[in-house]
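K.L.:
Start from chain F and add chain X according to the hints.
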Amino acid sequence: MQPFNYSNSPFPIREDLIGCFAYTWDKFSQPGTWLTAAERVAVAREVRNAQTCQLCADRKAALSPFGIDGVHNGDHEPLSDLQVDIAHRLTTDASRLTETWLRQCIDQSHSQGNGGTLTDASYIEILSVVVSTLAIDSFHNALGFEHEPLPQPLAGEPSHHRPTGATSGTAWVPMVSGKDVDPIDADMYGGATRTGNVITAMSLVPDAVRLLMKQSNAMYVHDVIDFSSNSGRALSRPQIELIAARVSALNDCFY
Amino acid sequence: MMLRASSEFADQQVDLSVITKGTDATSGVKGETALLNLVEETVMHPGSDNLRHARDAVLDELGPQALVDTAAVIGNFQRMTRIADGTGIPLDDMMTAMTVDIRRDLKLNEFGAAYRTKETSLFKRLMIRTMFPIMMRRIRKRAQAQAPIHAKGDA
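Protein chains in written order, with this note's numbering: chain F, 1 to 255; chain X, 1 to 155.
Looking at chain X on its own, in the form it has when it is part of the complex:
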């Protein structure tokens, strides 16, 4: 949901199948191949030579600061995934309501831990889906009132 929401906010079309397909899909996010390769090698093959190549690719394409920030986000989600799986938490209500189609399309409901999350009621789903765009508009309005943030990696 966070990828979809952040890309919608940035007026970007993103193919979410990249989440499960990795580099076999094309999301439309700038530098995605380099980023996804570094993620894959760090998480799945931390001792491999390919990790060095993946690191160099991010460095070449996005620069040293982006490389460090990528490493930090990878580390952060190595943490978050284990907290979620180690405590058996369900998805939060908002995420449950907003990801019905994503979970269906990407077959995420086939993940072992999916049983822990019960679908939200239709009423709650409608309410959240109504409120979410309003929340996004408020964030956008607030952002426009502040100085825009431009990063080297901005797509």
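Next comes chain F alone, as it looks inside the complex:
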């Protein structure tokens, strides 16, 4: 059975939404750039585990999220404890993460002899899976739908493709500007030479940018700075931006 079958939905669901959700699940089921398919699906599962995780709730209530140790709930195979912790923190308390925390995660991964477990690029892939899952699950929550069962992971190895034009300095991870995109990733920004930081932030994993662009086109608007257009939505552009701004504020997000 195809995923995201909304035939019993009391509300008509746009085809482009169904298409982008199904595309996301299909991508999760395949090996990624740095993670296997089994790891990608497991990261998505951790997004759901995090919603009821007592450790995450205790940290969220604490003055500092870094002073409380413990074990996250759920079955974590095949992920490392570090990968699980990252997925949970990104899901439940992202606004209090710091660059120092990320550096320590990467250093910790290497000192434990798991050299390939976490790099700046594999962190971006974890982030991509976390936010894609959360976006779709939040859509389902808002409409009162059950969460879609996660896909079955396929066998295969990650591609290990790292862009050559990534430079450090703007964010915690290197980013690829529009003019430094490798020919193989020329489609990444849809041909644009300038993009917002929130798009470029994912560019260490070009497939994460592609997924983000596809989801954003369906779930938000096609052209962010074209204020004359609501991309055919049933909401006006000010209504769309009101929702966007309030979600950001509730997440304590400055951006």
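The hints are simulated quantities; they were obtained by calculation from the structure and are not laboratory data.
Be careful, since some hints might not be right.
Stated by the list, open to error - So the derived label-pair ranges between C-beta atoms look like this:
id : chain 1 : residue 1 : chain 2 : residue 2 : range
1  : X       : P133      : F       : R103      : 40 to 50 Å
2  : F       : G190      : X       : D101      : 26 to 36 Å
3  : X       : T130      : F       : N217      : 27 to 37 Å
To be verified - Partner residues aside, some chain X positions facing chain F, computed with beta carbon under 7 Å:
id : residue
4  : M2
5  : T20
6  : K21
7  : V29
8  : A66
9  : T70
10 : I74
11 : G75
12 : D85
13 : G86
14 : D92
Heads up, the beta-carbon is just placed ideally off N, CA and C, and yes, glycines get one too.
P.N.:
Frame of chain F, contents of chain X only:
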């Protein structure tokens, strides 16, 4: 900035304090109470009974398509906020230059991640503020040349 720019473009006056105050403020955007309640319940209390009531309110006031589009935008920004906070990006230059007053008035500079954004130089700020209205006029002109878009939710 996007709310202000889009409302200015639509010739609407919007009270931006609604961003931080939620339903305690009145923005002037059509259906705002229903929309903001659905946002709040989905983001903060996803398992609550109030979420069903909030959903019904949007359905009653704005219709099924608007409800689906609202759910999609909520999901999208559950994503975007975590990308921003998970990668430590600063505001883009244009947004930094155009939001000096908004960030001050709404106390957004007190957010934990605000330190990552450095204020743009006065020259850059003036340049962007000069260019932005020109860009808006171009968009408006282009829009007028095309068929107007009318949506049920248009305020």
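K.L.:
Are the hints correct? Go through all of them and say.
P.N.:
Verification of the supplied hints:
1. X:P133 with F:R103: 40 to 50 Å: The hint (40 to 50 Å, Cβ to Cβ) holds, given that X:P133 and F:R103 are roughly 42 Å apart.
2. F:G190 with X:D101: 26 to 36 Å: holds, 32 Å
3. X:T130 with F:N217: 27 to 37 Å: holds, 31 Å
4. M2: holds, 4 Å
5. T20: For X:T20, the interface hint holds, since the closest Cβ of chain F sits about 5 Å away, which is under 7 Å.
6. K21: violated, 9 Å
7. V29: holds, 5 Å
8. A66: holds, 4 Å
9. T70: holds, 6 Å
10. I74: The hint holds - X:I74 has a Cβ within 7 Å of chain F, the shortest such distance being about 5 Å.
11. G75: holds, 4 Å
12. D85: This interface hint holds because 4 Å falls under the 7 Å limit.
13. G86: This hint holds: X:G86 lies near chain F, its Cβ roughly 5 Å from the closest one there, short of 7 Å.
14. D92: Holds, about 5 Å.
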